[in-house]
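Peer 1: Sequence:
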Amino acid sequence: MELPDLTFRTYLLTFLSLLCLLGLNVGLAFIHMGWVNMFVAVMIAAMQAAIIALFLMHGLFERAIIRLVMGGALLWFLILVTLTMTDYITRNWLPIAGK
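Per my numbering, the very first residue in the sequence shown carries number 1; after that it's consecutive.
The hints are simulated quantities; they were obtained by calculation from the structure and are not laboratory data. Keep in mind that a hint or two might mislead.
So the derived label-pair ranges between C-beta atoms look like this [said to hold, decoys possible]:
(1) 21 with 94: 32 to 40 Å
(2) 92 with 16: 52 to 60 Å
(3) 84 with 5: 33 to 41 Å
(4) 78 with 13: 23 to 31 Å
(5) 13 with 46: 12 to 20 Å
(6) 95 with 15: 46 to 54 Å
(7) 53 with 7: 16 to 24 Å
(8) 89 with 44: 16 to 24 Å
(9) 15 with 39: 24 to 32 Å
Beta carbons are placed, not taken as given, at the ideal position from N, Cα and C, and that holds for glycine.
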């Protein structure tokens, strides 16, 4: 399968969007919002990963089976993030004996 030629403009916009998301993530590190910081930072990282997978790794132009594998990987990533966030958010719900 021959991949379409992506223009310089596509690569430039991809680069600029990754830089903007990086700046947003760095700026977020200086704002204290409690547990929301981690959630937002992971969502920004997921957007960066999606941009890299779709444009720089040519995920938009692959066959259906490759897109299915990418979707399965995304689903697994979302399951892991959900379980991690659930653990992180609910850590202080139960009192610790002796405190």
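Peer 1: The structure should be examined with respect to each hint, and the outcome stated for every one.
Peer 2: Evaluated hints:
no., hint, in the structure
1, 21 with 94: 32 to 40 Å, "holds (36 Å)"
2, 92 with 16: 52 to 60 Å, "violated (40 Å)"
3, 84 with 5: 33 to 41 Å, "holds (39 Å)"
4, 78 with 13: 23 to 31 Å, "holds (26 Å)"
5, 13 with 46: 12 to 20 Å, "holds (19 Å)"
6, 95 with 15: 46 to 54 Å, "holds (49 Å)"
7, 53 with 7: 16 to 24 Å, "holds (19 Å)"
8, 89 with 44: 16 to 24 Å, "holds (18 Å)"
9, 15 with 39: 24 to 32 Å, "holds (26 Å)"
Hint compliance for this structure: hint 2 alone is broken.
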